[in-house]
Amino acid sequence: MTLLERALSYPEIGGTAGQLPDGYTHVRVQRVIGHGESTFHRAADRLMSWQMHRAAGLAVEATTPRVEQDSRVRLRLGRHLLRISFGCRVVYVVEEERRRGFAYGTLQGHPEQGEERFCVEWREDDAVVFTITAFSQPGTWWSRALAPISHRLQQRYTRRYLHAL
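If you read the sequence shown in numbering that gives the first Met the number 0, its first letter stands for residue 0, the second for the next number, and so on.
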């Protein structure tokens, strides 16, 4: 079974759409990335075409060129011997007039277990806000053993995502 054929590694599928489940570390961060309709459409396009992940420094291998329900993606960080590959599956897509985004869940073998949601919203005050919502816990023996490092790495990529759009 290839990495992208694996099952989701957590039971609370879709949990980022509402109240985050107990027993996980929670993340909710947001940033105003600009104003106006053109900013919204540009940011939504970058988000929904995996460009945010690439701009954050990850190598991306997706089953679809644009994010869709059930798209699978292999993300890689690092180089040579320190390269880590992990897989995710899109569990839902947000496609509304003034909001675009998606959530993906971790596949078995991912260093973390959980879900992450990325959403761009064009608000009534004309601000375009990018929000990241996630819940996770260590998913492998080595991510549990290296929890402080794993947590810092997760924080680092959350910041990179926030500034990638």
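None of these hints come from the bench; they were simulated from the model. Take the hints with a grain of salt, since some may be wrong.
Derived CB-CB ranges, DEER-like [said to hold, decoys possible]: (1) THR157 with ARG82: 17 to 23 Å; (2) GLU36 with LEU3: 32 to 38 Å; (3) ARG5 with ARG82: 14 to 20 Å.
All C-beta atoms, glycine included, are put in the ideal place defined by N, C-alpha and C.
Are any of the numbered hints broken by this structure? If so, which, sorted upward?
none
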